[in-house]
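Given chain A, put chain B in place with the hints provided.
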Amino acid sequence: MVDQAALENDEPLLVAASLSKSFGRIAACRDVSFALYPGEVLAIVGESGSGKSTLLQMLSGQLTPSAGHVSYRMRDGITRDLTTLGEAERRFLFRTDWGFVHQDPAQGLRMAVSAGANVGERLMAVGWNHYGRIRDTASDWLTRVEIDVARIDDAPRTYSGGMRQRLQIARNLVTEPRLVFMDEPTGGLDVSVQARLLDLLRSLVAELNLAVIIVTHDLAVARLLSHRVMVMKGGRVIETGLTDQVLDDPREPYTQLLVSSILPP
Amino acid sequence: MNAMIEIADAKKTFTMHLQGGIELPVVSGVTFDVNPGECVVLSGPSGAGKSSILKMIFGNYRCDSGRIGIRHRGAVIDLATAEPRQVLNVRRSTIGYVSQFLRAVPRVATIDVVAEPLIVNGVSRADAQARAGELLHRLNIPERLWQLPPATFSGGEQQRVNIARGFISDLPILLLDEPTASLDAANRAVVVALVAEKKRQGVAMVAIVHDDEIRHLIADRIVDVTSFAAAA
Numbered sequence: 001m002v003d004q005a006a007l008e009n010d011e012p013l014l015v016a017a018s019l020s021k022s023f024g025r026i027a028a029c030r031d032v033s034f035a036l037y038p039g040e041v042l043a044i045v046g047e048s049g050s051g052k053s054t055l056l057q058m059l060s061g062q063l064t065p066s067a068g069h070v071s072y073r074m075r076d077g078i079t080r081d082l083t084t085l086g087e088a089e090r091r092f093l094f095r096t097d098w099g100f101v102h103q104d105p106a107q108g109l110r111m112a113v114s115a116g117a118n119v120g121e122r123l124m125a126v127g128w129n130h131y132g133r134i135r136d137t138a139s140d141w142l143t144r145v146e147i148d149v150a151r152i153d154d155a156p157r158t159y160s161g162g163m164r165q166r167l168q169i170a171r172n173l174v175t176e177p178r179l180v181f182m183d184e185p186t187g188g189l190d191v192s193v194q195a196r197l198l199d200l201l202r203s204l205v206a207e208l209n210l211a212v213i214i215v216t217h218d219l220a221v222a223r224l225l226s227h228r229v230m231v232m233k234g235g236r237v238i239e240t241g242l243t244d245q246v247l248d249d250p251r252e253p254y255t256q257l258l259v260s261s262i263l264p265p
Numbered sequence: 001m002n003a004m005i006e007i008a009d010a011k012k013t014f015t016m017h018l019q020g021g022i023e024l025p026v027v028s029g030v031t032f033d034v035n036p037g038e039c040v041v042l043s044g045p046s047g048a049g050k051s052s053i054l055k056m057i058f059g060n061y062r063c064d065s066g067r068i069g070i071r072h073r074g075a076v077i078d079l080a081t082a083e084p085r086q087v088l089n090v091r092r093s094t095i096g097y098v099s100q101f102l103r104a105v106p107r108v109a110t111i112d113v114v115a116e117p118l119i120v121n122g123v124s125r126a127d128a129q130a131r132a133g134e135l136l137h138r139l140n141i142p143e144r145l146w147q148l149p150p151a152t153f154s155g156g157e158q159q160r161v162n163i164a165r166g167f168i169s170d171l172p173i174l175l176l177d178e179p180t181a182s183l184d185a186a187n188r189a190v191v192v193a194l195v196a197e198k199k200r201q202g203v204a205m206v207a208i209v210h211d212d213e214i215r216h217l218i219a220d221r222i223v224d225v226t227s228f229a230a231a232a
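So the sequences go chain by chain: A and B.
With the working numbering as the guide, the letters of the first sequence map in order to residues 1 to 265.
With the working numbering as the guide, the letters of the second sequence map in order to residues 1 to 232.
Hints in this document: simulated from the structure, not taken from any laboratory.
Quick caveat, the model's predicted, so the values are computed rather than measured.
One thing to keep in mind: the hints can contain errors.
To be verified - Facing chain A, a subset of chain B residues (Cβ under 8 angstroms, in silico):
1. H17
2. L18
3. Y61
4. R62
5. G66
6. P84
7. R85
8. V87
9. L88
Claimed, not checked - Taking beta-carbon pairs under 7 angstroms as the criterion, some of the chain A residues facing chain B (in silico):
10. L85
11. A88
12. D199
13. R228
14. D244
Glycine included, C-beta positions come from ideal geometry on N, C-alpha and C.
Here chain A stands alone, though its shape is the one from the complex (with noise of 0.2 angstroms):
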């Protein structure tokens, strides 16, 4: 369910011009661009060290590019070359109008603080002082996160992975950003596990219309989430196009062995 208005709204919300990342002599990211708009969500997609966790660093700011730039358009309207703003914009950007959901829940999750204070910590980031309303609302996320309410004082340790995983989106998203980083969101997880990951952000993105970037080697989670896909291998987007076109309709030998590497349903 993609809302309409924001899918015609013709202003993209993030823009990659030429993106180049080089370590030493190893080129990790060669020449990336493309624009996302609002409500839309990209699947990077290729195998270990094609360069689809460099481009995301450089994307959402934790990693300076050799060379291009990314602007993205803050909740004021304006667009901002991400390299000119200050490090305490960056980080309120970060609290406030993005997220990043990483693979492993540790790293996102504050592990031994209970999952409301997790949840309740972006809130009080941004301002948020009323304890009541600020636990009602931690409540409120974990229950549409599928967690059981009676856990809320209970610390993310005590939590499968599965829940980990769910109470980190819930973190992310509790300050309704617009954009939200996804590295291997459903990773370390049991197939059944995933499944309900998988249905779960579905549904979430496309209530909330987010415009999600999302790094996966797995082509299944690229079709169940995205709209759009760009293939990597070697640092270079090597095809790119509608999800469904290029899974369906693969051009570059490389993404017509990864579309006939998946096992059948």
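Chain B in isolation, oriented as in the chain A frame:
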């Protein structure tokens, strides 16, 4: 033009890189129009490229050359060259596709699977579910199944859910890939009636139907796909 679909000289070849780069010509010179209220049936033996043409019209297969003109909100968009976002827009508000198989969404209830295309276009959940219920009734899906996800249904039941999902929309173009393949006589008759209603509403349709009797009942015109056989 008044046509809803205007295909001109469209060509499709698969290059199989994993098989030494052999070229597999699918179709070439595909040229035909479809007008509002008309059902064009594609004919030809298996492998002639009928499904590929349907997929090209839906923007699922890319064309090597040629043009897939689609009337979308009063203007004509060439899907052969459209941006991904435009293709998605066209699919949401202009072209519906009823495939042979339901791509089941794991945990969504049948009634919501059917209602979704309306909700996406701004119809309230209650109204959308009411219309979904009517269609499911007509297609003989018992009410006790409506709250269950269709993943566990039989092949014929899944296909009927799929048909309900395809026909619920008010989209001006519908593509039908074997809509009656695994249905019994009673349900085939329901599909024939649904197609007739869509024609009266001015919907342009392109269908693949192997059953001669059904083809005879729904086709206004037959396009023989063998004439588009690609010269190897």
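Tested hints:
1. H17: 4 angstroms, holds
2. L18: Nearest chain A Cβ about 6 angstroms off; hint holds.
3. Y61: 5 angstroms, holds
4. R62: 6 angstroms, holds
5. G66: Given a least distance of 15 angstroms, the restraint on B:G66 is violated.
6. P84: 4 angstroms, holds
7. R85: This interface hint holds because 6 angstroms falls under the 8 angstroms limit.
8. V87: 6 angstroms, holds
9. L88: 6 angstroms, holds
10. L85: Violated, because the Cβ-Cβ distance from A:L85 to chain B comes to roughly 27 angstroms (cut-off 7 angstroms).
11. A88: 34 angstroms, violated
12. D199: 5 angstroms, holds
13. R228: 5 angstroms, holds
14. D244: 5 angstroms, holds
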